[in-house]
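Engineer: Spelled out from the first residue to the last, the chains are:
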Amino acid sequence: MTGLPAESNTLVAVPATHADQAHRLSAVEQEVVELFDQLRDRLLRYVLGFSLALPDSEDIIQETFLALFQHLRRGKSRQHLRGWLFRVAHNLALKHRRNQRSTNHVHGAIMAAEHLIACPAPNPEDQFVTSQTQQRVMAVMQALPEQNRWCLYLRAEGLRYREIAEILDMSLGSVSVCLERSLAQIARAAER
Amino acid sequence: MMRPQESHLSDRDLLLAADGELSAPECERVESHLAACWTCRTRKHEIEAAIGDFVRMDRHKLDGQIPPPEGPRALLKARMAQLAETQAASLYSRGLDWFRTISWRLSLAMLGTVCVLAALAYFISQAYFIPHIRDERQAERIVAVSTPDPSLTPGAIVLVSRGEVCSASVANNKTVSVALQRKVFGEYGIKSAAPSAYEVDYLITPALGGADDIRNLWPQSNRATVWNAQVKDVLEERLRDLVCDGKLDLATAQRDMATNWIQAYKKYFHTNRPLSTFR
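Protein sequence lines correspond, in order, to chains Z and R. Numbering of the first sequence is given in the working numbering, commencing with residue 973 and proceeding in unit increments. Numbering of the second sequence is given in the working numbering, commencing with residue 232 and proceeding in unit increments.
Quick caveat, the hints were computed from the structure, so don't treat them as lab data. Just so you know, even glycine gets a beta-carbon here, dropped at the ideal spot from N, CA and C. Mixed in with the good hints, there may be bad ones.
Claimed, not checked - Footprint (simulated), chain Z over chain R, 3 or more residues, beta carbon under 8 angstroms:
#1 285-291
#2 298-309
#3 341-353
#4 461-467
Unchecked claim - To give a feel for the contact side, a few chain R residues facing chain Z, derived at Cβ under 8 angstroms:
#5 A315
#6 D472
#7 L473
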């Protein structure tokens, strides 16, 4: 029970100015919120690419920005924060998926979930994917090695090759090879 | 992808040029080649068409799933405020900094001494103190809880709009299942308590979009403390009225409840003490 608030009468004795301070966002908090507004949708789209449910993906984004908050509060580097955020979100998503897989291993629930993603049933979100080209592109995406898919998703979210290489812990050359091969497959699928 | 001819640009060069990843001289070489070569220009368009196909598919597949950011943003602000408050109260980081300023050898020696003293104190207390006195003290400490432990109960919300909150016919809190109540007691280290001693309460009430989630639940004491469950219920009603009257936005109400409901009470009732009815 460590860390519990003090007794009720102590709480009443909190100075009046403390309440005001609690509601005033610090400079770091403001900075985090600004980055959240800029990058939350991109990060969420990227994390959803890990076949995670939306609530889980939202949790990962929350954890990512709380990690940023801690990072900045400790006075650590403010350089390349966009790449840093994607790297943290990537690692958290991988960890979450690993835990989810081990939890659901016996019941095979994750397999079912992945099957649903690979072969989506008609629902309001997917019904518009009517064109054959888009269906073929989606099929190619599902067949790509995961590393290639991540490269494409990260590039689509506007990250530079160097950032992608750092996030995925691969060489700059490998990033361009991944992108080149993946786009070639998509181009071939679209031509059919 | 194979290069059509040795004299033509490779797909990689074309992609790197399209993505702005080439150095200035390389970029100039690619541009001058493209200006003169229909084959490579066509290939460049094919690559860009593939990028377009991918982006369209990706956006169409996911954009409908992305919920608005207001709720998650409010939750993030509340969690940052809690984190800052918790850490400010903790002497841990200060102690760590102090340890960093002295040599590691000295730190190690002092740490060892502290550990030995702590172990001695523990064994002495085990041997000489009467267990039930310790239990009573523990009970007193637990019973005094008026606000939740932010690390266990940071607050959690469901993504609902103000309209949905206000159109809900029943504004009362849902009953928390017995299994979930046990889990909450377990998290807070409460092994046994009279059923009337606690109310497992929502930090952010479902009537304001609070989630039916363990991160949004904590054992609130029913003992006649100043800031008790009844006082919090009054605040919840007040906030819901303000939200539904359009005088307060939902995210702010949720954030204020999650940050510190007692401070929120003081803020919205303009008083430092609860209304006398509930004392």
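Engineer: If a hint holds in the structure, say so; if it doesn't, say that too.
Structural biologist: Right, here's what the structure says about each hint:
Evaluation of the coverage hint for the stretch 285-291 of chain R: fulfilled, as 6 residues show C-beta separations to chain Z shorter than 8 angstroms, against a requirement of three. Only residues whose beta carbon comes within less than 8 angstroms of a beta carbon in chain Z count, and the stretch 298-309 of chain R has 7; three or more means the coverage holds. Judged by the Cβ-Cβ criterion of 8 angstroms, the stretch 341-353 of chain R is not covered by chain Z as claimed, because only 0 of its residues qualify and three are needed. For a cut-off of 8 angstroms, the count of residues in the stretch 461-467 of chain R with a CB near a CB of chain Z stands at 0, and the three-residue condition is violated.
Contact between A315 of chain R and chain Z, as hinted, is supported at the beta carbon level, the nearest pair being about 7 angstroms apart and thus within 8 angstroms. A distance limit of 8 angstroms between C-beta atoms decides the matter here; for D472 of chain R the minimum to chain Z is near 21 angstroms, and the interface restraint is violated. Among the interface hints, the one on L473 of chain R is violated; its C-beta lies about 16 angstroms from the nearest C-beta in chain Z, farther than the 8 angstroms criterion.
Consistency with the previously given hints fails for numbers 3, 4, 6, 7, ordered from lowest to highest.
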